[in-house]
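*Asks:* Sequence:
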Amino acid sequence: MSQNKAARGGASSKGKRSNKPGAEEKREDVLQAVLIADSFQTRFEPFSVERPRCLLPLANTPLIEYTLEFLAMNGVQEVFIYCGAHHEQIERYIHDSRWSPSSRSCPFSSLEFIRIADARSIGDFLRDLDKRNIIDGDFVLVHGDLVANISLDGALAAHRARREANRDSCMTMVLREAGDGGHNTKTNGITPAFIIDPNAKRCLHYEEITPFQTDRYVTLDPTVLEAREAEARTDLIDAEIDICTPDVLALWSESFDYELPRANFLHGVLKDWELNGKMIHTEIINEGYSARASNLQMYDAISKDVLSGWAYPFTPECNIFPGQTYRLRGDNTYQEDEVEVAPGSQVHDSILGKDTHIGDESSISNSVIGRSCRIGSNVRIVDSFVWDGATIHDGAVVEHSIIAERGVVGKKVYVHEGSLISYGVSLSDETDVEPATMLSLLSYSGQAVSPQPELVGSQGKGALFHNPEDDEADHDDPSILQKSLIYSLEDLDIETSSVSTLADDDYMSDDESNPISPTASQPTSRSRLSSFASDDSGAPSYSGFHSDAVHGLLDVLRGTSGNFESEKLEFTSLRLANNASDGAMRRAVATAFVRRAIELMNAESEPLEPIKAAKQVLTSREGASEFVTDVGVGDRSVTEQTEFALAVQKACANSAKLVEVAKAGNLLAAMLQQMYDLDILEEEGILGWWEDERGKEDGQMAGVREKCQALVEWLENADEEESEDDDDDDDDE
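Going letter by letter, the sequence shown gives residues 1 to 733 in our numbering.
Please keep in mind that the hints were generated in silico from the structure rather than gathered at the bench. Values in this document were obtained by computation on a predicted structure and should not be read as measured data. Be aware that one or more of the hints could be misleading.
Think about it this way: if two alpha-carbon atoms lie no more than 27 Å apart in a straight line, the pair counts; the simulated DSS-like pairs of lysine-lysine are [to be verified]: (1) Lys278 with Lys354; (2) Lys201 with Lys271; (3) Lys304 with Lys483; (4) Lys615 with Lys568; (5) Lys568 with Lys612; (6) Lys131 with Lys354; (7) Lys461 with Lys483; (8) Lys696 with Lys615; (9) Lys354 with Lys271; (10) Lys304 with Lys354; (11) Lys304 with Lys271; (12) Lys131 with Lys201; (13) Lys304 with Lys131; (14) Lys201 with Lys278.
Given the sequences, and given the hints that come with them, work out the whole structure.
*Replies:* Set out below in structure tokens:
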């Protein structure tokens with residue numbers, strides 16, 4: 001193949017895709033693949049400044065080797081590679097490898113590079129690919145950090161059968177079942193939630209749940225559930241292996257603002273399925289291995305899985321990559337040829353690359369050591385990665401960190417967990433590297449930096465790596481949870497409760513939270529709850545209103561944005577846009593005010609007692625009580641007051657997971673007392689709520705209700721005294 005064909009430039013071929021009957025059938029025997037070699041939104045800093053992620057070593061093998069091997073073993077014949085940043089390095093690597101089109105051992109009939117000068121996202125690339133008109137049949141879309149050993153034969157056959165039966169079936173996602181428990185390759189920080197029709201294997205909805213969300217449930221249009229069963233799945237590992245038709249590229253082109261395959265494209269296409277008419281299906285497998293090293297934490301997890309044999313045949317002793325000579329030496333340690341381990345040293349559960357030398361009395365465990373590394377005596381390396389050509393001198397300690405190529409760790413240096421030491425960084429003797437430190441010779445823009453002796457020692461080389469975009473980034477962006485090698489929520493002011501719950505009790509009462517599939521055999525669990533709610537009439541209501549309304553109100557109550565006058569207009573717009581019921585309005589108002597009161601009660605600096613929290617939330621912001629009266633209660637009839645009091649009770653009962661039931665009950669009594677004093681609720685409304693059977697349910701509803709006994713008795717006595725006074729006045733007259 002000529003160089004001109006092997007690397008397509010920025011100019012794209014024009015023309016429309018053929019829609020003639022039988023056009024795709026002629027190409028059915030030729031399977032194409034699109035490989036996004038270096039993804040955007042990378043979280044491999046500082047290493048990705050100098051080298052593309054797909055060329056970083058995983059278990060001493062460049063990541064792209066696993067991806068290309070996966071495509072070859074599944075019969076892919078034509079591969080189109082988009083390189084993005086560092087395209088010269090990727091093209092040079094492929095050209096010098098067995099994957100080169102000029103190599104006799106290359107399994108592909110065609111391999112071409114696509115360069116796009118102005119692409120800023122995956123969406124830009126796929127839209128450009130659509131214009132080129134080079135994809136003329138089904139293709140497999142993968143990323144260059146994929147490690148997978150699964151067969152696509154069954155998924156391809158099912159995809160083609162669906163496509164034959166219905167031309168609107170445009171994509172099949174290959175997902176791996178991992179169970180509800182913990183799993184190495186479940187992505188931290190972002191929980192993908194799939195709503196799936198188990199009979200048709202059709203994906204009905206997709207959303208991502210993060211710890212930053214106040215409400216941990218998905219937003220689902222209930223119309224997608226009409227006349228079909230559905231399962232809510234948060235137990236699936238998504239390595240983003242997609243079998244696509246050319247229609248997928250056309251959908252990308254129709255939405256110029258889509259950037260990400262899941263959060264944007266998948267979510268958007270499914271949300272607008274009535275408009276675009278396209279269906280996306282799933283194939284869920286329970287055997288084999290598939291995962292993406294999309295961030296440092298996944299890189300760590302997949303490396304350990306490869307070492308443990310879960311990704312067979314992608315294990316060291318199989319030596320399926322050219323030039324490798326690994327053999328199992330005992331203690332689950334794989335060594336290549338010419339590795340020297342001095343007597344007295346202990347190595348277990350590790351990988352040692354060729355020509356690596358380890359000195360006396362050193363200890364290496366659960367680690368991957370590259371080729372030509374020099375490790376001194378009395379060194380301790382735990383849960384770490386040392387890449388090719390690195391040097392670690394006597395007495396050094398490296399804990400759960402990465403030492404990149406040509407890195408030098410001086411004598412008695414202590415590299416604490418989570419640290420990232422980039423290419424060529426040198427640490428002087430007896431330097432102490434604090435946890436989660438990133439050191440590099442280059443800045444974010446790729447410029448050389450001056451050494452910082454306070455970090456690398458007097459003779460060291462390197463400086464603290466900083467991405468200036470992080471200063472401007474949204475602090476609620478879940479990707480920040482994936483930036484470091486170690487996943488942690490300790491330094492973030494967020495709740496740590498489960499993020500796998502799809503429905504929030506703040507929005508659904510117990511009688512509303514039925515399983516999506518009433519006939520499904522599996523029991524209802526936190527990862528399989530209904531993601532839609534019912535209004536007072538029993539009809540489903542769109543839960544997007546609740547989420548947006550509550551969050552908007554909380555911003556006003558916290559004083560971070562807007563006022564209640566503008567919020568009333570926003571509420572009206574949201575209600576019209578989502579056709580929200582009166583009950584949904586009441587629930588949103590009650591939830592927001594109770595939640596803000598709970599925040600004040602749980603404040604670290606000056607936590608408030610329930611009575612003070614209730615007073616502050618209803619009076620500290622101008623217009624708050626009027627908003628509750630006009631929007632929450634409504635026409636002030638006894639029925640409306642009763643309904644709003646019941647909504648406040650439900651909100652307090654649901655908050656019992658954040659405070660004790662007793663405190664939640666005290667808050668309910670305080671809220672009702674304050675609303676009575678502010679003329680939001682009248683005696684008849686509160687007493688009507690007290691007699692309502694819905695407020696007497698067992699569990700937390702009854703628990704919080706008990707604390708209101710004194711308030712109700714006081715109101716009843718006050719009513720009796722008023723009646724007696726009226727009688728006395730009549731007698732006097």
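*Asks:* List, from low to high, the hint numbers that the structure doesn't satisfy.
*Replies:* The structure breaks hints 1, 6, 9, 11, 12 and 13; every other hint is satisfied.
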